[in-house]
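Once you've looked at the hints, dock chain B against the given chain A.
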Amino acid sequence: MLTLAVAITSGCSRGQQNGHGTAGKNIQIKGSDTIVNLVQAWAEEFTKRNPVVNIGVTGGGSGTGFAALLNGTCDIGMSSRLIDPKEIVKAKANGIQPVEYKVGLDGLAVVVHPDNPVHNLTLDNLRDIFMARKKNWKDFGGENRKIVILSRESNSGTHVFFKEHVLKRGNTKSPEEFSPEALLMPSSQAIADEVQQNPHAIGYVGMGYICQALKAVAVAVEPGKPFIEPNVETVMDGSYPISRPLFLYTNGEPTDYIKIFVDYALSESGQKMVKDTDFVPIGGIGDEKNKRLCY
Amino acid sequence: MRKIKDFVIEKLIFLSGITTIVFVVLIFAFLLKEGGTFFYEHNPLSFLGGKLWYPASDPAHFGILSLLVGSFLITLGAAAIAVPLGIMCALYIAEVAPASVKDILKSCVELLAAIPSVVIGFIGMVTLVPFVRTLFDLPTGLTAFSGSLMLAFMAMPTIVSISEDAIRAVPWQYKEGALALGATKWQTMFRIVLPAAMPGIVAAVMLGIGRVIGETMAVMMITGNAAYIPSSLFEPVRTMTATIAAEMGETVKGSMHYSALFAIGLVLFIITFIINFIADSFMRRAKR
Chain A
1 MLTLAVAITS
11 GCSRGQQNGH
21 GTAGKNIQIK
31 GSDTIVNLVQ
41 AWAEEFTKRN
51 PVVNIGVTGG
61 GSGTGFAALL
71 NGTCDIGMSS
81 RLIDPKEIVK
91 AKANGIQPVE
101 YKVGLDGLAV
111 VVHPDNPVHN
121 LTLDNLRDIF
131 MARKKNWKDF
141 GGENRKIVIL
151 SRESNSGTHV
161 FFKEHVLKRG
171 NTKSPEEFSP
181 EALLMPSSQA
191 IADEVQQNPH
201 AIGYVGMGYI
211 CQALKAVAVA
221 VEPGKPFIEP
231 NVETVMDGSY
241 PISRPLFLYT
251 NGEPTDYIKI
261 FVDYALSESG
271 QKMVKDTDFV
281 PIGGIGDEKN
291 KRLCY
Chain B
1 MRKIKDFVIE
11 KLIFLSGITT
21 IVFVVLIFAF
31 LLKEGGTFFY
41 EHNPLSFLGG
51 KLWYPASDPA
61 HFGILSLLVG
71 SFLITLGAAA
81 IAVPLGIMCA
91 LYIAEVAPAS
101 VKDILKSCVE
111 LLAAIPSVVI
121 GFIGMVTLVP
131 FVRTLFDLPT
141 GLTAFSGSLM
151 LAFMAMPTIV
161 SISEDAIRAV
171 PWQYKEGALA
181 LGATKWQTMF
191 RIVLPAAMPG
201 IVAAVMLGIG
211 RVIGETMAVM
221 MITGNAAYIP
231 SSLFEPVRTM
241 TATIAAEMGE
251 TVKGSMHYSA
261 LFAIGLVLFI
271 ITFIINFIAD
281 SFMRRAKR
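Heads up: the protein sequence lines correspond to chains A and B, in order.
To convert, note that position 161 of the first sequence is 161 in this note's numbering; the numbers rise steadily by one, no gaps.
To convert, note that position 213 of the second sequence is 213 in this note's numbering; the numbers rise steadily by one, no gaps.
Just chain A, same shape as in the assembly (with noise of 0.2 Å):
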C-alpha cells in the first residue's frame, strides 16, 4: 500500500515537471482515436527498448490533441487532420509552436452491414445520404428502409474530414453539414458497434476498424468511374477516393526523448508497424517533406 502511494506521487511530480515543459522521461500523448492504436504500439515498443521513458496515450479526437497541446499539457498530439488555421493563431497567443510530422496514411472506410445489399457508392450518393438529402435505402437498390446515419463527434479529426472531402469536397467555404438526424457517436469503434448489429446503418471508421462483420462500401469518385474498395494498395497508390494523411504535433523542434520517439515512428520499424495496424505507410522514410513547421 505505502509504496503504492509513494508510486502515485512520484508519478505525479514527474507529471508536472513535465507539464511546465521540461523535456522530461514522461511522453503524454493525446488526439486522434484513429490513430490512437497505432500511436499505443509504437509506445509499448518504444519503452521496450527505452526503459527509463514512461508514455502515456489518451483518444479524444484530433480536435482534443490540439486543444491540449495548445493548452499545454501533452508533448504530442496526433491528428487525422491538418492543424486549422484558427488553432495556429490560438497557438502562437498562446507561445506555443506546433511542428507537424507526416507519420502514415488512412484510407476512411464507408462501413454498412453484411446483410445490407448496397455494395457500392459514388461520392455523390455519400454526399446525399450523409446529408439526408435521401432517406431510403431503396434509392441505392437496398431494401426499403429508413437510412440511419452515424457520424463522429464533432471532435474528431475523422468528422471534420469527411464532412471537408466528401460533404464540401475540399471547398471550405461551401455550406454542407452534416444533417442534424445524423447520429454522433463518442467513438469509431461506438459506430462499429452500432453497424455491427444494425443492418440500416452506415457510417465511416479509418480503415483498421475493418472486419468481418463489417462491410466497407467500394467507393467511386464519380458515375461511370471505377468503384474501388480501401486497401492499402488502393490508399497507397491514391486511386481510393477518401484517404488522409496523420500527423504527429509537437511544441517546437522536439528534443531529447520526445525527439527519439518521432524519430522512431518515421524510422523503418515505426513504419512497419503502421503497416502491422492496418494503415498504410509514408513514402520516403527520412525525408524532410514529411516535416512541417506551423508557426
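None of these hints come from the bench; they were simulated from the model.
Among the hints, a few may not be true.
Under the rule of at most 16 Å between Cα atoms (straight-line distance), these lysine to aspartate or glutamate pairs were calculated in the EDC-like manner [as the list claims (entries may be wrong)]:
(1) B:K51 to A:E181
(2) A:K102 to A:D256
(3) A:K272 to A:E45
(4) A:K134 to A:E181
(5) A:K168 to B:D58
(6) A:K86 to B:D58
(7) A:K25 to A:D256
(8) A:K225 to A:D139
(9) A:K134 to A:E177
(10) A:K272 to A:E233
(11) A:K173 to B:D165
(12) A:K275 to A:D124
(13) A:K25 to A:E44
(14) A:K291 to A:E253
(15) B:K106 to B:D58
(16) A:K135 to A:E181
(17) B:K51 to A:E177
(18) A:K146 to B:D137
Leaving out everything else, chain B in the frame of chain A:
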C-alpha cells in the same frame, strides 16, 4: 478553558456549514463568468430558441432548442416510468411487505443507487438498444425511449427511499382512525396515507427528476446524440449534458465554443436549481 473549547468547536461547525454555501456560490460565479462572455456576442433568445447546433462549423450555429427538447423528453419519459413504479414500490415497502421482505427490498433498492451510470449505459447499449430496435421495428435502437428506460432505473432509488420515509412519517392515528371507521386496508392506503404523505412524495419525485436531468454518461451512450427536434420518444435525441461532456475536450479555453458550453452549463444549473427549490418547498410543507 472550556469556553475556548466551546468557541473553537462552534466556529469549526460554522465553517463546515458555510463551506457548502461558498462552494455553490463559487461554482455559480464561475459558470456566470465563463458562460456570460457568450452572451456578449449572442442573443440569449437565439441561443435558447435556435434549432441548429453546429458549434465547430464556419459560421458556427449555437442553438440549443433541440438539446433542451432532448433533455426534457428524456426526463419526462423517465419520470413517467419511474414515478408510478417508485411510489408503488415505496407503498409496498412501507405498508404491505412483511418485515423480512422489507429488509431485502430496501437493500436492493439502495444497491441500485450504487451502480455507476457508465455501467448502466453500457448494459443499456449492449442489451436494451438492439432489443428496442427489433421490438418496435425502428431504424435504430439509440432512442430517447431507451435513454428514459435506463434513467428510470437511476431515479428509482431516490424516489423510493424518500417516498418511503414520507409514507412512514404519516401519524399512526390517521390510519387507526380510518380503519376504526371501517375503511379497508386498501382504502386507508390510497385515501388516507397517500394524500397525507403527498408533499414528501412530490419532493422525492422532484429530487429523482433532478438526478435524471443531470445524468450524462448513460444518456451519451444510448440516446444517439442527434441534435434535431424529435417527433416522438422513439427517435434519437441529444441532451445538454451529453453535449457538454462530448465537446468539452476539444474546445480551446476562451473560444466561443468553450463559453457556449459553459452557457449550457448555466442553463442546466438554473433548471436544477428551480427543481430543487420546488422539491425543498414541498419538503418544508411535508414537515409542517
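So, going through the hints one by one against the coordinates:
Between the alpha carbons of K51 of chain B and E181 of chain A the distance comes to roughly 12 Å, so the proposed pair stays at or under 16 Å and holds. Using a Cα cut-off of 16 Å, the hinted pair K102 of chain A and D256 of chain A is violated, with the two alpha carbons roughly 20 Å apart. A distance of roughly 12 Å separates the Cα atoms of K272 of chain A and E45 of chain A; the hinted pair therefore holds under the 16 Å criterion. A C-alpha spacing of about 12 Å is found between K134 of chain A and E181 of chain A, which places the hinted pair at or below 16 Å, so the restraint holds.
Note on K168 of chain A and D58 of chain B: the hinted pairing holds, with a Cα-Cα distance of about 12 Å set against a maximum of 16 Å. In summary, the hint linking K86 of chain A to D58 of chain B is supported, as the alpha carbons are separated by about 11 Å, within the 16 Å threshold. A hinted pair counts as satisfied when its Cα atoms are at most 16 Å apart, and K25 of chain A with D256 of chain A qualifies at roughly 9 Å. Straight-line distance between C-alpha atoms of K225 of chain A and D139 of chain A comes to about 19 Å, which puts the hinted pair past the 16 Å bound.
For the hint linking K134 of chain A to E177 of chain A, the alpha-carbon distance of about 14 Å falls within 16 Å, and the restraint holds. Distance hint between K272 of chain A and E233 of chain A is fulfilled; the C-alpha atoms sit about 15 Å from each other, no more than 16 Å. Proposed proximity of K173 of chain A and D165 of chain B is contradicted: the alpha carbons are some 61 Å apart, above 16 Å. A C-alpha spacing of about 30 Å is found between K275 of chain A and D124 of chain A, which places the hinted pair above 16 Å, so the restraint is violated.
With a C-alpha separation of about 14 Å, the suggested pairing of K25 of chain A with E44 of chain A holds against the 16 Å cut-off. Among the hinted pairs, K291 of chain A with E253 of chain A is consistent with the structure: their alpha-carbon atoms are about 11 Å apart, no more than 16 Å. At roughly 53 Å between alpha-carbon atoms, K106 of chain B and D58 of chain B are farther apart than 16 Å, so this suggested pair is violated. Distance hint between K135 of chain A and E181 of chain A is fulfilled; the C-alpha atoms sit about 10 Å from each other, no more than 16 Å.
Restraint check for K51 of chain B and E177 of chain A: satisfied, since their Cα atoms lie roughly 14 Å apart, inside the 16 Å limit. Under the criterion of a C-alpha separation no larger than 16 Å, the hint pairing K146 of chain A with D137 of chain B is consistent with the structure, at around 11 Å.
Figure legend: structure checked against the earlier numbered hints; hints not met, in rising order: 2, 8, 11, 12 and 15.
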